[in-house]
Each structure stands twice: as C-alpha cells, then as structure tokens.
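The whole structure should be built from the sequences, with the hints applied where relevant.
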Amino acid sequence: MDCVATGGNVKVLAKAIHSLSRIGEELYLEPVEDGLALRSVNSSRSAFACFLLSPLFFQRYQTPSDQSFRCKMPIKSVQSVFKSLSSLERSVEKCRIQFNNEKSRLTITLHCKHGLLKTHNLSFQDCESLQAVFDKDSCANMLQAQSRLMVDTVLHFPPSLEEVNLSVSNDRVWLRNHIEDDADSSRAMMTELCLSSDEFDQFAVNTQTSITFCLKELRGLLVFAESSGLPVSIYFDEPGSPVILSVTDSVLEANFVLATLSEDSHPKNHVNANTKHLQAEQMTDDFMCDDMDSVLIAMETSELPGPSHVPSSSSPPHNTNNRKHPASEDEEEEEQEEALIERPPNKKFCSLFFGSVLLASSQLTNQTIQNQEVLASDSDNEDQTES
Amino acid sequence: MKFRSKIIDVGCLNHFTRVVNTVSKLTKSCVLRLTRDHVYFVLSGKISTGGVSMWCELLQVNFFDEYQMEGVSADANEIFLEVTPENLSRALKTAQNAKSVKMKLTKKNCPCLTLAAELPSLSSVSRVVTHDIPVDVIPRRLWHDFREPQMPDFDVSIYLPPLKTMKSVVDRMKNLSNYLVMEANLKGDMNLKIETDLVSVTTHFKDLGNPPWGDDGSQTVSQSRDDDLMAEVRVDIRKLQQFLTGQQVNPSKAMCNIVHKRILHLIFLHEDVSLQYFIPAVV
Chain A
1 MDCVATGGNV KVLAKAIHSL SRIGEELYLE PVEDGLALRS VNSSRSAFAC
51 FLLSPLFFQR YQTPSDQSFR CKMPIKSVQS VFKSLSSLER SVEKCRIQFN
101 NEKSRLTITL HCKHGLLKTH NLSFQDCESL QAVFDKDSCA NMLQAQSRLM
151 VDTVLHFPPS LEEVNLSVSN DRVWLRNHIE DDADSSRAMM TELCLSSDEF
201 DQFAVNTQTS ITFCLKELRG LLVFAESSGL PVSIYFDEPG SPVILSVTDS
251 VLEANFVLAT LSEDSHPKNH VNANTKHLQA EQMTDDFMCD DMDSVLIAME
301 TSELPGPSHV PSSSSPPHNT NNRKHPASED EEEEEQEEAL IERPPNKKFC
351 SLFFGSVLLA SSQLTNQTIQ NQEVLASDSD NEDQTES
Chain B
1 MKFRSKIIDV GCLNHFTRVV NTVSKLTKSC VLRLTRDHVY FVLSGKISTG
51 GVSMWCELLQ VNFFDEYQME GVSADANEIF LEVTPENLSR ALKTAQNAKS
101 VKMKLTKKNC PCLTLAAELP SLSSVSRVVT HDIPVDVIPR RLWHDFREPQ
151 MPDFDVSIYL PPLKTMKSVV DRMKNLSNYL VMEANLKGDM NLKIETDLVS
201 VTTHFKDLGN PPWGDDGSQT VSQSRDDDLM AEVRVDIRKL QQFLTGQQVN
251 PSKAMCNIVH KRILHLIFLH EDVSLQYFIP AVV
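So the protein sequences, as listed, match chains A and B. Heads up: the first sequence begins at 1 in the UniProt record's numbering, then just goes up one per residue. Heads up: the second sequence begins at 1 in the UniProt record's numbering, then just goes up one per residue.
Just so you know, these hints were derived from the structure itself, not from any lab. Some clues are possibly wrong.
With a straight-line cut-off of 27 Å between C-alpha atoms, the simulated DSS-like cross-links for lysine-lysine are [to be verified]:
{"#": "1", "chain 1": "B", "residue 1": "LYS108", "chain 2": "B", "residue 2": "LYS93"}
{"#": "2", "chain 1": "A", "residue 1": "LYS216", "chain 2": "B", "residue 2": "LYS93"}
{"#": "3", "chain 1": "A", "residue 1": "LYS216", "chain 2": "B", "residue 2": "LYS28"}
So these bits of chain A aren't anywhere near chain B, every CB distance computed over 10 Å [as the list claims (entries may be wrong)]:
{"#": "4", "residue": "LEU56"}
{"#": "5", "residue": "PRO64"}
{"#": "6", "residue": "ASP137"}
{"#": "7", "residue": "SER196"}
{"#": "8", "residue": "ASN206"}
{"#": "9", "residue": "VAL223"}
Heads up, the beta-carbon is just placed ideally off N, CA and C, and yes, glycines get one too.
Below, the structure is given as structure tokens:
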C-alpha cells in the first residue's frame with residue numbers, strides 16, 4: 001500500500017483522524033479500490049464513524065496487490081503524527097502512508113520544508129473489516145444544513161451534555177437536551193431550540209418523529225465540517241434506528257452513525273430494539289454463542305466485499321416510511337418480537353452494550369413523552385404559579 | 001404570582017448578563033427577589049457559605065423594556081425565588097445577539113424561570129431558544145431572612161485601589177497564605193498584609209480617598225477618630241479573591257467599610273446596579 005497526500009489535503013487527513021479520535025480508541029485503516037477507509041467505533045458500539053478518502057484525494061494511491069490489507073492501531077499514536085495542525089499547514093508539503101512489508105509496520109512519512117523528513121513507524125494489529133450496516137436512502141427523513149447552522153445550534157447546549165433530542169414536524173425542527181430519569185431530573189435546566197425548515201438547505205420530512213442520540217460523539221464531525229465548510233446531511237428514521245450524519249465532497253465522504261434511544265415502552269422488547277445494526281450481514285447466521293468476546297470477534301471477522309455502504313437488509317423488518325410516530329408502538333412491538341425470535345443471542349449483546357447509555361429506556365421514553373407534553377401545553381398557562 | 005419581562009436593547013441585555021455572571025461567580029445558589037421597581041440577587045450569610053453575604057440591587061426600569069409583576073398578595077407585592085445563577089448565566093450566554101429576550105415565571109414540572117430568546121436566523125422565521133430554569137418559590141414566612149442588610153457601624157470607610165491592581169496583589173498573596181489582613185485609615189491609606197512563619201508581605205496604598213458619609217443619617221463618622229488610626233480585619237483570602245475575580249461590571253465607585261476585627265463590607269456602585277458583599281472576620 002502506498003498513498004501520498006499533498007498540500008492542504010494533509011491537513012484534511014489530520015482533521016479526519018482527530019475527528020475519529022472523538023469516537024473510539026482505535027483507528028481502523030483499510031485501503032480499498034474506492035479509496036482509503038478510516039474508521040472508528042466506540043466501546044459500547046453505539047457510535048461508528050468512517051472517512052472514505054477517494055483515490056482522487058491523493059496525489060498517488062496504490063492499494064496492496066492482494067487487496068486484503070487491513071489494520072487497526074491505537075488512534076493516539078496516529079494522532080501524535082499529526083499533532084499540531086498549524087505546524088502541519090506551515091511546514092508539511094507531503095504525507096506518505098506505506099505498508100512496510102519487511103518490518104510489519106505502517107510507515108507515515110511527513111515531507112516537510114527544507115528537505116526535512118519525519119518518519120513514523122507505527123505497529124498495528126491485523127483485523128478484519130469494521131463495518132456498520134446502514135442505508136441512508138432508506139431513511140424516512142433527511143435534513144441538510146450548513147455546518148455553521150449546526151455549530152450555532154449546538155452552542156446553546158453545555159459541552160457536558162450527553163444526549164440530545166431532535167424532533168421534526170412538517171416545518172420545524174426542535175433540539176432539546178435529554179434528561180435522564182433520575183432523582184435530579186426535575187431540577188435540571190431544560191433547553192429547547194426551535195428552527196424553521198427554511199434554515200435548512202434541504203428539508204425532507206416524511207415522518208414526524210423524535211430521536212435521541214449522543215451529542216458528544218457528534219461534535220467531532222461538526223468540527224470537521226465547520227473547518228471544511230461543507231454542509232452536513234442528517235438521515236434519520238424512527239427512534240431506535242441509527243441516525244447518520246454525513247459530510248461529502250468530490251474526494252471524500254464522512255459518515256457518522258449513532259445509535260438512537262428506542263421508543264419502546266416494554267422492557268422485554270428493549271433488548272433488540274436498541275440494536276444499532278452494527279452487526280455484519282453474516283452475523284445472524286454465524287453467531288453461535290452469547291458472550292461479549294464472541295460478539296466482537298464475529299463483527300470483525302465479517303467478510304464484506306466492496307464499498308462501505310451495505311443496504312441494511314439484515315435489519316428487522318420495518319416499514320419505516322409509512323409509520324406515524326405516536327401510533328407506531330403496537331406495530332413496533334410486534335415486529336420486535338419477531339426479530340427477537342430470529343436473533344435470541346443479541347439479547348445479551350444489546351443489554352451489555354447499552355447498559356450505560358440507555359438504562360431502562362422504557363422509563364426514559366415515558367419521561368421524554370411526558371416532558372414533551374408538559375412543555376407544549378404550558379405555553380398557554382405560563383402565568384399560573386402557586387406560591 | 002405573575003412575572004413577565006422583556007429585554008430588547010442589546011446594551012441592556014449585555015449589562016444584565018454581566019451582572020448575572022458576576023453573581024454566578026460568587027455563589028452557587030441565591031435568592032432572586034422581584035419587586036415593582038427593583039430586581040435583587042440576595043445571598044444571606046450562612047455557615048455553609050463561610051458567613052459571606054451578598055446584596056445586589058438593580059433598578060428594573062434601566063434593564064427591562066417590559067416588566068410586569070404581581071407578588072404573592074396585594075400587601076406583599078413581591079416574589080422571592082431561590083435560583084442557581086449559573087443556569088441563568090448559561091441561558092443568557094448564547095442569547096447575546098438576540099432580538100429580544102423574555103423572562104417569565106412559568107410552571108412546568110416545577111416552578112421555572114423561563115427565558116425565551118428570539119435569535120437572528122437565516123430565514124424569515126426567527127430561531128427561538130427556550131430555557132426552563134427550575135426555581136423554588138420562597139414562602140412569605142421566610143422572607144425576613146433576605147432583608148436588605150443594615151449598613152454596619154463601620155470604623156473606616158475608604159475607596160479601593162484600582163481593581164486590577166488589587167486583584168493581582170491578592171492573587172499573588174493567595175499563594176502564600178490563606179488569610180489576609182486589610183487595614184485602612186481615614187487618611188486614605190490602605191495596607192494588605194499576609195503573614196506566615198516564613199514570610200510576611202505587605203502592600204501599601206496611599207491617597208485612596210475616603211467616601212464622605214454622614215449627611216444621609218445612616219452613619220455619622222465620629223469626628224474624634226484619629227485619622228491615622230488603622231482599622232483592620234482578617235479575612236479568608238479566597239473569599240476576597242473570589243469576589244474580585246468574579247467582577248464583570250466595572251463599577252464607577254468601589255469602596256469598602258471596615259468594622260475593626262469584625263466585618264469587611266465591600267460596595268461596588270454603578271449607575272443602575274449596586275453590589276454589596278460582606279466578608280466576616282476570621283479569628
């Protein structure tokens with residue numbers, strides 16, 4: 001493998017890596033025909049990000065002859081190569097990434113001004129392809145906005161805010177901070193931002209819905225988008241389905257896939273409903289045992305050919321486009337029960353993975369619904385307060 | 001009980017925000033008292049806060065373009081709310097370029113102070129950001145805890161040195177000792193002293209000037225007091241530093257009153273805002 005990035009693209013490459021570092025601890029690198037794929041996933045498998053840099057991004061792009069080179073390495077070690085963005089801009093003319101066969105190292109060489117060469121030899125682990133199963137085109141709703149709008153919106157929420165709720169109607173978008181249902185919840189400050197559909201470059205809402213996802217992981221993408229000046233596209237569906245945020249231009253495509261809280265009100269169904277569909281296509285068949293390690297291995301040993309976007313034909317049957325949000329509960333329950341039967345081993349998978357992020361989502365969603373109702377109705381009753 | 005208000009002027013909004021920021025740096029929780037003409041932020045001295053107390057008074061009409069208030073009853077036409085000023089600060093922070101900011105008392109899951117800011121947007125429809133800040137309504141029987149503090153029977157009253165200078169002196173002294181002694185006299189001299197086993201440091205200020213009290217009847221400066229005689233008070237240096245660091249409003253007058261070995265009373269005056277801070281002496 002031999003790739004060379006020059007000029008401003010070195011900084012873009014660095015920013016992509018910094019962006020990925022906000023997601024997970026490891027960087028998965030895979031050169032394919034379509035380009036160099038840089039991916040990361042978080043420990044609870046609720047957030048996945050992929051930057052695909054097309055061959056045109058590079059001055060030179062050579063994939064390994066056997067097409068099977070894939071590796072992962074601690075992202076911190078790659079970040080240290082691209083440490084200071086400003087000095088990169090000033091002094092680095094070229095960046096070369098090669099696979100050094102003899103030493104089994106990934107060599108990153110920075111060609112700097114005045115003939116200075118900085119060579120980094122990074123050790124890596126072999127791995128299989130890290131893949132998230134998602135399909136942007138099958139999502140019911142899509143919004144596209146300038147990154148400036150996204151950044152300004154997020155500013156209203158504190159940096160420590162974990163989860164944010166995005167709701168859409170025919171002509172409005174609401175962003176609210178999501179409050180966990182615990183003892184402190186009634187004392188927490190609630191913030192809500194309402195945007196009109198006019199502010200978006202594209203606003204395609206087929207289903208009025210409300211999804212909750214982690215804001216923290218998203219900030220990495222926003223920083224990248226803002227510095228590149230590219231618009232951000234958001235693809236989403238009903239709660240439980242992942243939300244996909246995407247930044248694209250002619251030579252690169254970045255996709256951040258985040259799990260969303262499910263709307264489920266029955267605990268027994270929550271186990272499967274929260275699935276972010278990070279399983280590879282073969283997993284349902286190959287997956288034989290329950291424990292965590294096997295699940296991770298199963299994910300990594302998937303053999304997925306071709307481009308990174310695989311239609312999610314393995315996801316539980318959802319007629320997402322036609323479903324109206326409030327009335328969907330019964331339908332959803334049934335389908336999830338079916339899906340449960342199909343894949344019993346996932347029970348533990350999901351509950352382990354989403355233990356910390358999603359708690360008992362049944363209470364959460366009830367709280368969310370109640371909160372939404374209260375917020376809406378009291379705008380007329382604002383001057384009634386008992387002493 | 002009813003409260004609705006609106007700020008339209010950007011300058012007023014910035015000024016109000018800075019006052020709230022100052023208060024939020026001084027205490028985690030305080031009482032917001034709303035009357036017909038004034039808005040107060042009150043902190044009453046308790047053991048838990050180290051005995052410091054604060055009284056911040058705003059003339060409502062200089063900030064709000066609209067202000068409607070109905071207190072608990074006709075004869076008690078006031079509202080007392082316990083609030084976390086940091087929440088208010090956070091809500092105001094991103095509303096600095098708003099076309100208008102409305103503040104009103106609402107009831108969501110609990111009583112809230114709701115701040116709604118209308119922000120400029122890319123389209124004809126404004127962006128609206130709404131913050132619901134939970135508050136506790138303070139019942140009338142507890143109002144006496146939050147009365148305006150009496151002017152203490154001070155020994156010396158003196159103008160403070162330039163705040164920047166004072167702050168940098170106190171900052172450095174804080175590294176050396178936990179306690180600071182402030183002493184001043186009626187000749188306009190002030191000394192800030194720290195003393196430890198290893199070192200003692202004194203910073204001297206001269207010709208600061210003494211505020212002319214006396215005519216308003218609240219205090220008669222005893223003529224017999226020797227001008228050279230220093231009144232001193234030993235305070236926890238962190239409290240003083242916290243007060244000086246938090247200042248976001250540049251006061252037109254900054255002074256302090258010292259009750260010898262008892263209290264340090266700091267007063268910052270601005271055209272429409274006054275801030276008083278009481279730091280008790282430590283033994």
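Evaluation of the provided hints:
no. : hint                  : verdict
1   : LYS108/B with LYS93/B : holds, 22 Å
2   : LYS216/A with LYS93/B : holds, 20 Å
3   : LYS216/A with LYS28/B : holds, 26 Å
4   : LEU56                 : holds, 32 Å
5   : PRO64                 : holds, 46 Å
6   : ASP137                : holds, 27 Å
7   : SER196                : violated, 4 Å
8   : ASN206                : holds, 21 Å
9   : VAL223                : holds, 18 Å
Violated hint for the displayed structure: number 7, the only one.
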